[in-house]
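Each chain is listed here by its residues.
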Amino acid sequence: MAETSLLSALGAVIRRDLLLAMRRKSDVLTTLFFFVIVVSLFPLGIGPEMAMLRQIAPGVLWVAALLATMLSLNRLFAADHADGTLEQMALSAVPLGVLVTGKVVAHWLLSGLPLALLAPVLGLQFDLAAGSLGVMVVALLIGTPVLSLIGAIGAALTLGVRGGGVLVSLLVLPLYVPVLIFGAGAVEADLGGLGATAHLSLLAAFLALAAFFGPWATTVALRIALE
Amino acid sequence: MLEASNLECVRGEKSLFRGLSFRLDPGACLMVQGANGSGKTSLLRMICGLAQPEQGDIRWNGEPIRKLAEDYRGELLYCGHAGAVKDDLTALENARISATLAGTPVDVEAARLALRQLGLKGREDLPARVLSAGQKRRVALTRLLLEKRKLWVLDEPLTALDKTAVANLGGVIDAHLASGGMAVLTSHQDLPLAAGRVEQLRLD
Amino acid sequence: MSNRIVNWFKFASPQTFYPLAGKMIPWFWALTAVFGLVGLYIGFFVAPTDAQQGEGYRIIFIHVPASWLSMFIYLIMAFWAALGLGFNTRLSGMMASALAPTGALMAFLSLWTGALWGKPMWGTWWVWDARLTSELILFFLYLGFIALQSAIDDARRADKAGAVLALVGVANIPIIYFSVKWWNTLHQGASVSLTRSPSMAQTMLWGMLLMALAFWMYSIAVSLTRVRAIILERERHAGWVEELKELKS
Amino acid sequence: MKWNSFSEFLAMGGHALYVWGSFGACLLLMIVEPILAKARRSNALTELKREIAARKENVNENF
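Chains as they are written, first to last, in my numbering: chain C, 1 to 227; chain B, 228 to 431; chain L, 432 to 680; chain G, 681 to 743.
The shape of chain C in the complex, shown without the other chains (with noise of 0.2 angstroms):
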C-alpha cells in the first residue's frame, strides 16, 4: 500500500470521526463541563484564599484533565465495536494501526485540545499570572495526546468487558501518573522562576515513545477482543 493512501485512509478516519461527534454534540460536551465543574468546585471545597489557590492550581487542572479525558476513553471504540466497524476496520486492506491513530487523533481533537484551550479561563478563577496560563497551555497541548494514547490501550483491553468503564480508570489512571508530574511540575517551575523546558522536553519525550508504542499496542489490544 502507498505512502498517500495510507495518509488518506488517515485522513478519512479523522474525517469521519469528527463528523460523527457534529452529529452527537453533546457527548463532546458533556467531557468539557465534566472538567469545567471539577475545576470549578476545587476552591469551594478548599477555601478561597488566592495564596493556596494559585498554588493548587496546575495540579487540580491537570487531575480534572486526567479525569475528563477518562471519562471520554469509553466512547473511543464501544460504539464501532457495537455495530461491527471495527470488525471492518480490522479487515481492511489499511492496516490496523494507521486506523487506529486516526481514531487516537481523532480522540484528542475532541478531548484533549479543548480541554487545553479551555484551561486559560479556569486558571483565571486561581489567579495565575498570563506566563503561567502560557506554559499551562503549552503542556496540556503534550501532554493530552500521551493520555489519549496510552487511554486507547485500555480502553481497547476493556472492550465489551463487563464493568469496562470503572475498569478503564483502574488500568490507566497509574500509567498516566508520569504525564500528571511532568505536566503539573511544568506550570509549578514556572510559578517558581525555575523555567519549564526540561519539563516540557520530558513531556514530549513521552509524547514520542507513546506516539510510537501506543497505536501498536492498542492494535494488539483490539484484535484479542475481537477474536
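Keep in mind that the hints were calculated from the coordinates and are not lab data.
Keep in mind the model is a prediction, meaning the values are calculated, not measured.
In silico DSS-like links for lysine-lysine, alpha-carbon gap of 27 angstroms or less:
hint, chain 1, residue 1, chain 2, residue 2
1, L, LYS676, G, LYS729
2, L, LYS550, G, LYS682
3, G, LYS729, L, LYS679
4, B, LYS363, C, LYS25
5, L, LYS679, B, LYS241
6, L, LYS676, G, LYS718
7, B, LYS241, G, LYS729
8, L, LYS679, G, LYS736
9, G, LYS718, L, LYS454
10, L, LYS454, G, LYS729
11, B, LYS241, G, LYS736
12, L, LYS454, L, LYS679
13, B, LYS294, B, LYS375
14, G, LYS718, L, LYS679
15, L, LYS676, B, LYS241
16, L, LYS676, G, LYS736
For chain C, the structure is supplied; the task is to place chains B, L and G on it using the hints.
Relative to chain C, chains B, L and G alone:
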C-alpha cells in the same frame, strides 16, 4: 483459491467442529449450513482471519492467510451480523466512508449508483436512523458493489431483506461468481443462485 | 516448525507440568523454611542494634525483600505474558495469572512495613518518598491486572489481554519510577533510604539477602500451588485430568 | 546473645508495635495466602469429581 485443511474450532470449552477441510475455486460459492450454534459464524470469522482456528490452517493461493495479513484482507470482503452502518450518517456517507475505511475510496457518483442498484433511490441523503432494517442492510451491502474484492464472506446476508431485494442480491452474487469471484455464505433462507456454482458444507 | 520446538511445547504443556509442579512444591517450602529461619536468626540475634534507628530498623529484613520481590515478580509475570502472546502457549498465561496475587501481596507487604517503619522514624504513617510512592503505583498495576483478568470470562482472551497490560506496565515502570523520583527531589520530600544507612553492616546485608531468598522460594511455592488450581479449572474437559490419581480416591 | 531477656526481645527497644506489626502481618499473610491457594485447588478437585461422577452416570443410563 481458498483452501482450509483440518480446521478445529473451540468455543469456550466445547469443540464445535474438527477435521473440517474444503477448497473453493474461482467462480464457486460455498454455502455453509448447520443448526444454530454449530459454528457457522465462527467458521466465517476464521476464514476472515478475525478468529484463529484451534488447529489446522487456511490458505489463500497457497499462502497461509496469517502471513499474508493486509495482502489477503485486500482481497476479502466480510459482511457480518452487524452491518457497520452508522445511524448518524446518511446512506451515501455510510457507503462512501466504509469504502474508504476498507482502503478503496470511491467518488460520490459511484456510491450513488451502487445505492440505486440496490433499490435505495431517493433515500441516499437520509440519515440511516430513519431507514428500515432492510434498507440499512442494503446500505451495508453496497460494499459488495463498491469494493472490488475477490472473496466475499457473507454471514446471513438475507436477514431483513424483502423478496425483490433477495432476488436483486442473488443477481449481484451471480455476477460476481461469473466474473471469477468467490463467495462463502450462510443463510437460513433460500438464495436464488445459478445452479452448478454452489457447493454445500454442513456443520454438525 | 522443527520437531525440537514442538517437543519443548509438549514439555511446557499443562499435562506434564501439573505433576511436575506437585513434586516441586514441597522442596520450595523446605527451602523457604531454611532460608527464612536462618534469615530471621541473623536479623534478630546476630545483626547489631542500629545507632540511629534503634531496633525499629529490623523491619528492613522484610521490607526490602518484599519490595524486591514485588518488582521481580512483575518482571517474571511480563516475561510469561510475552511468551504466551508470542508462542500461544497455554501454560504461560496461567503462570502469569498465578503470579499476580503473590506479586500484589509483596507490594502490599512492602507498603505496610514501610508505613510501620515510617511512624517511629518521622512520626507519620505515610511519607511521599519516591520508593513508597512507586511501590504504591506498582500495587495499583497489580490490582489492575487482576481486575482485568477476572472481568473477562473467556480464559484465553483474559490471558492475552492481561499479557498486553503486563507488557505495557513493565515498559512504564522505569518511566514511572524515574518520574516519581524527580518529583520527590523537586519537592524535597522525605527520603527513606534504609539500605544506604551508613551503619549498614555486613551481617545486615546477609540477613536481608537470606530473607529475600526465603521470600523468593515462598513466591515460587505458592504460585505453583495456584497454577495447579488454575490448570485444573481450565483443563476441566481434557482427558488427562480424569486420569489423575487425586480424582480416583 | 544480644538480648538479655525474652521480655527485652519482645519490647524491641520500644519499637515493639512497629516491628511486630510488620513481622506479624507478614507471617499472617504468608500463612493465609497458601491456604487460599490450596483451597482453590481442592475446590477445583471436588468440582471435577462431581462432574466426572455426573458424566459416568449419564453413560450408565445410556447403556
